[in-house]
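Going line by line, the protein sequences match chains A and B.
Residues 1 to 258 in my numbering are what the first sequence spells out, letter by letter.
Residues 1 to 174 in my numbering are what the second sequence spells out, letter by letter.
Any given hint could be a false lead.
[What the hints assert, rightly or not] Stretch-level coverage of chain A by chain B, calculated; a stretch enters the list once three of its residues show a Cβ under 8 Å from a Cβ in chain B:
1) 153 to 164
2) 237 to 250
[Said to hold, decoys possible] So the derived label-pair ranges between C-beta atoms look like this:
3) 168/A <-> 78/B: 48 to 54 Å
4) 79/B <-> 51/A: 47 to 53 Å
5) 173/A <-> 145/B: 44 to 50 Å
6) 7/B <-> 141/A: 34 to 40 Å
7) 172/A <-> 35/B: 52 to 58 Å
8) 161/B <-> 59/A: 40 to 46 Å
9) 46/B <-> 156/A: 46 to 52 Å
The set of hints was computed from the structure by calculation and includes no laboratory data.
Cβ coordinates follow ideal geometry from the N, Cα and C atoms, glycine included.
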Amino acid sequence: MNCQDINQAIVEGSASPLPPEAEEHLRTCARCRELAGTLKVPVPADLPSPTVLQEIERGLVANLRPVRPIAPKRYIFVSMMAIFAVTAVLGLSRFGAFAIAAMTPLQMGAIFGALAISAGLLAYSLVNQMVPGSRYRVPPGRVPLVIMILLMVSVAVLFPFQQERSFWFSAWVCIRGGTPVAAFAAVPLWLVLRPGAILSPIMTGAATGLLAGLAGTTALEIHCPNLDAWHILASHLGVAVIGAVVGLLVGWAVETGN
Amino acid sequence: MERYQQADPEAPAVLVSALSPGLLRFFRSQSATSGQAEDLLQDTWFRIHRVRHTYRPGEPVLPWIYAIARRVRVDGYRRSRRIDSHEPAMEVVPERPAEGEPRHALPVFEALVAALPEAQREVITMLKVGGLSLEEVARATSSTAGAVKQKAHRGYDRLRKLLRSYAEAAGGAQ
Chain A
1 MNCQDINQAI VEGSASPLPP EAEEHLRTCA RCRELAGTLK VPVPADLPSP TVLQEIERGL
61 VANLRPVRPI APKRYIFVSM MAIFAVTAVL GLSRFGAFAI AAMTPLQMGA IFGALAISAG
121 LLAYSLVNQM VPGSRYRVPP GRVPLVIMIL LMVSVAVLFP FQQERSFWFS AWVCIRGGTP
181 VAAFAAVPLW LVLRPGAILS PIMTGAATGL LAGLAGTTAL EIHCPNLDAW HILASHLGVA
241 VIGAVVGLLV GWAVETGN
Chain B
1 MERYQQADPE APAVLVSALS PGLLRFFRSQ SATSGQAEDL LQDTWFRIHR VRHTYRPGEP
61 VLPWIYAIAR RVRVDGYRRS RRIDSHEPAM EVVPERPAEG EPRHALPVFE ALVAALPEAQ
121 REVITMLKVG GLSLEEVARA TSSTAGAVKQ KAHRGYDRLR KLLRSYAEAA GGAQ
């Protein structure tokens with residue numbers, strides 16, 4: 001066993017004694033012996049004062065009433081996905097589904113698949129962010145970034161880049177149409193999130209805004225027959241970016257206001 | 001924790017007495033003074049009380065508690081910075097130890113860990129003081145077990161170097 005193995009043993013067995021091979025190494029290596037000795041944390045010397053403990057206990061008991069644990073993850077996840085889908089469909093019923101006829105089956109399957117996966121990942125991340133100490137496969141701060149990259153690459157691969165005369169005008173028309181859909185989705189999403197314990201309002205705000213924005217993006221993808229990749233990137237995905245930025249700013253205001 | 005959710009009047013005392021020493025030490029090793037650490041401890045328990053419905057029965061308790069404690073520490077740090085920026089700068093006079101109190105208020109572990117970068121300090125404190133496993137630290141810090149392992153490895157390497165430099169300094173002084 002060498003010094004690196006000792007590190008490994010300390011990291012992995014933080015609460016248990018070191019294995020016998022480690023003890024052998026410790027006999028010969030002064031540095032590891034010092035490290036292991038330092039990390040043998042004794043019983044805390046500075047216990048909280050009894051007055052503080054009593055004050056805490058009194059405070060907790062005074063307001064004690066039964067609470068029902070938060071809903072299971074799958075219910076919250078399904079609620080979020082339902083909000084996403086219903087809002088997109090409502091937006092579509094208002095604007096019409098002109099893009100369906102313009103897209104090939106491959107484009108349709110791939111872009112709506114990417115949007116559904118993105119919404120699913122965001123909803124799953126948000127469900128975890130509602131409960132402190134949840135398990136993450138991808139750190140929640142990275143999820144919005146990963147999703148934006150996934151969607152941008154999908155659009156760049158699936159749709160042709162063209163020169164458009166009235167690029168800014170048509171982009172503005174789509175942004176103006178998609179943003180209210182996103183705002184409409186944000187309200188019920190916030191209601192679903194409210195019972196949770198949001199520890200990082202900035203991160204949760206950005207993810208919620210992005211999910212709401214993706215509802216707007218989905219409505220535009222079904223409605224807008226303009227298949228220029230620049231247009232989709234700037235305006236359809238632009239709605240998602242606007243949602244994320246607004247959510248982030250709201251989260252920032254909440255966090256700094258606390 | 002489940003009894004606490006069901007409003008068993010004895011549950012808060014059991015939880016508070018079992019978990020407060022570890023939490024206090026967690027705050028102390030994150031560079032808080034004794035008084036600040038006790039304030040943070042109180043804030044943590046009151047926040048835990050407010051969000052106790054978010055604990056899902058059957059899930060590990062420690063990551064849930066430490067994730068909240070971690071957030072309280074960040075908020076407390078931010079609040080104290082805001083207060084500091086509004087107060088005129090004063091010379092800091094170190095507290096004198098009370099009669100009979102050992103000269104070194106900080107044990108060796110806290111003194112050493114204080115020299116680590118924040119992320120490494122947090123991980124090592126949770127592992128060694130809180131008694132959390134790698135997986136639990138990952139949950140408490142919204143990270144992955146791999147990332148926590150890497151931070152802990154780097155932290156231990158740094159601690160080893162620090163110990164060596166202390167030993168050399170002590171050797172040179174003799």
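How the hints compare with the structure:
no. : hint                        : verdict
1   : 153 to 164                  : violated (count 0)
2   : 237 to 250                  : violated (count 0)
3   : 168/A <-> 78/B: 48 to 54 Å  : violated (41 Å)
4   : 79/B <-> 51/A: 47 to 53 Å   : violated (23 Å)
5   : 173/A <-> 145/B: 44 to 50 Å : holds (47 Å)
6   : 7/B <-> 141/A: 34 to 40 Å   : holds (36 Å)
7   : 172/A <-> 35/B: 52 to 58 Å  : holds (56 Å)
8   : 161/B <-> 59/A: 40 to 46 Å  : holds (44 Å)
9   : 46/B <-> 156/A: 46 to 52 Å  : holds (50 Å)
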